[in-house]
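Position chain B against the provided structure of chain A, taking the given hints into account.
As they're listed, the protein sequences go chains A and B. Numbering follows my numbering, with no gaps: position 64 of the first sequence is 64. Numbering follows my numbering, with no gaps: position 256 of the second sequence is 1256.
Simulated from the structure, these hints should not be mistaken for lab results. Among the hints, a few may not be true.
To be verified - With a cut-off of at most 27 Å between alpha-carbon atoms, the simulated DSS-like pairs for lysine-lysine come out as follows:
1. 1045(B) - 36(A)
2. 40(A) - 3(A)
3. 1045(B) - 92(A)
4. 1052(B) - 98(A)
5. 56(A) - 70(A)
6. 1057(B) - 1045(B)
7. 36(A) - 70(A)
8. 1384(B) - 1366(B)
9. 1052(B) - 36(A)
10. 98(A) - 36(A)
11. 70(A) - 1045(B)
12. 92(A) - 1079(B)
13. 1045(B) - 1079(B)
14. 3(A) - 1052(B)
15. 40(A) - 1366(B)
16. 1045(B) - 98(A)
17. 92(A) - 36(A)
18. 3(A) - 1045(B)
19. 1158(B) - 40(A)
20. 1052(B) - 40(A)
21. 36(A) - 1057(B)
22. 56(A) - 98(A)
23. 3(A) - 36(A)
As the structure is a prediction and not an experimental result, all values here were calculated from the model.
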Amino acid sequence: MAKFLLVYRDEVEPKSQPSPEEMQGFLAMWGEWFQKFGGKIVDGGDALLPTGRVLKAGGEVSNGPYVEAKEMLGGYSVVQAEHYEEAVAIAKECPICKVGGMIEIREFAGYN
Amino acid sequence: MNDPSQLVEHFFRHQYGRLVAMLTRSFGVRNLEIIEDSAQTAMSKAIIHWSKSGIPKEPNAWLFRTASNVLVDQLRRQKWETPLDAALTDKIDLSSNQNPEQDCSDEVGDEPLRLLFLCCHSSIPVESRLAFALKTIGGFGTSEIASALLISNANAEKRITRAKEKLRELGEDIALLDSQMMEDRIDAVRSTIYLLFNEGFAASSGRENLRRDVCDEAIRLARMLIRFCKFEHATSSALLALMLLHSSRFDSRVDTQGAIVLLEDQDRSKWNWHAIREAMDCMMIATQGSALSRYHVESAIAWEHCRVLSFEETNWEKIVEYYRILDREFPGPMVSLNAAISLGYRDGPEVGLSALTAINPVVRSKLRPWWDCAMADAYRRMGKNAEAIAHWHDARVLASNSQQQELIDRRMTSSKGSCL
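Chain A on its own, in the form it takes in the complex (with noise of 0.2 Å):
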């Protein structure tokens, strides 16, 4: 088993705030995805607030997170899979795919 890290990426210009009655809607989602894939995942990660700082080697820093092209670094969970094939198949699930956000899969070196 390998652990694989999901990194949720959300476009830089959010769509005005979800409604309460959306965000029952994401619960629900994340529910169910948590209930099918619980065994797999090993921490469920949580959501980044918009702010940040960025520190760039020479010391300078910068206000706001780094953003690459039109995505910026919204959440992360980490997962275990045998292999790519099955962490992408658990992330095609996530909800957050489902509302328009994107997911980039990395497997863990196992470092550590």
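Structure of chain B alone, referenced to chain A:
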């Protein structure tokens, strides 16, 4: 573990309103912005925690505790950055000592209703009251409000902000709302609830499920009003009865294509008889005492339409009488129009026609294109098709949106109909 998809429908939406109102009672209207953020944050936390470990035994209490903690944290941080007044500092200390469980009973208190009374201050424009009530009390999202009220997102946002700014300016608060203020405003509260209902009920191209939710929210507020306001029960019950009677026809008032179906063409077996039954109970309460409001009379009219099995059986005698009372006690353009139409159904189209032409031009101008439709209909019933078509053409030109136009087109081609 409870499955997160098992939460009751609209749980978050209703909890949002409850959280905001309860926290506003403790921390004041001037903190409304930050209170709403805290409610939102509590729900984000719920998504993460509940999806992992299931719904807690008392989800209401969980949300309230979490939102309070987030709020107190935020206020502390603010205090650190900008000095706060002593009163609020006390409150922060107070709430950290308090056992939050005390305030978390399942019982929904009267706080949301009190917030509604606050926003029904005469200096807050009616359209702002509606948007504010939906957002802050009803827990609707801005874009949901926009699509239910058929306005842009920016416009919905503007209306909500306007109400909040006014509330802050006024300096009133839930805790300061006394019975005198409530008595002064109860009429405005009722008419705001009724307007909200009508916004949702007016058949239009908006998202049908959302419009229904707006109607349900108005009904929920009326129920709260009856439950917590110990005065003018009869009139509030009449309002609830009226809305229930209308809502019983919700599903039959538009067809599968979203086009308006006139009362006389509706499939009465699709009416919600539970709602009608409850409305009857409300009408019983409404008639205790001597109060007579427009809601009393309008619900009596709605009842006349509900109680018969077909349009042909309508008791126009009674309806004419009710419109006469409305016209005398609570006059308005729509009342004049419907009074004339019902007269036409009781005494024949000629009488209806002369009643319609007797409506003075100033009032008439507020009734286009519905006055034109009623004229056309009277002519049609008299067999004067050329005149009928001419008036239908007028109506079509004066229609303010494509849905009205569509309705008029169908009336023009079909041979039956009234404008009720």
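Each hint, compared with the structure:
1. 1045(B) - 36(A): holds (21 Å)
2. 40(A) - 3(A): Distance of about 9 Å is within 27 Å: holds.
3. 1045(B) - 92(A): holds (23 Å)
4. 1052(B) - 98(A): holds (18 Å)
5. 56(A) - 70(A): At roughly 21 Å apart (the allowed maximum being 27 Å), residue 70(A) and residue 56(A) satisfy the hint.
6. 1057(B) - 1045(B): The given pair, whose Cα atoms are some 16 Å apart, holds under the 27 Å limit.
7. 36(A) - 70(A): violated (31 Å)
8. 1384(B) - 1366(B): holds (26 Å)
9. 1052(B) - 36(A): holds (11 Å)
10. 98(A) - 36(A): The hint holds at about 16 Å.
11. 70(A) - 1045(B): Holds, because 26 Å separates the two Cα atoms, which is no more than 27 Å.
12. 92(A) - 1079(B): violated (44 Å)
13. 1045(B) - 1079(B): Holds, at about 24 Å.
14. 3(A) - 1052(B): holds (19 Å)
15. 40(A) - 1366(B): violated (66 Å)
16. 1045(B) - 98(A): holds (19 Å)
17. 92(A) - 36(A): Cα-Cα ~12 Å, so holds.
18. 3(A) - 1045(B): holds (25 Å)
19. 1158(B) - 40(A): Between residue 1158(B) and residue 40(A) the Cα gap is close to 46 Å, so the pair fails against 27 Å, i.e. violated.
20. 1052(B) - 40(A): The hint holds at about 13 Å.
21. 36(A) - 1057(B): Measuring from Cα to Cα gives roughly 22 Å; hence the hint holds.
22. 56(A) - 98(A): violated (34 Å)
23. 3(A) - 36(A): holds (18 Å)
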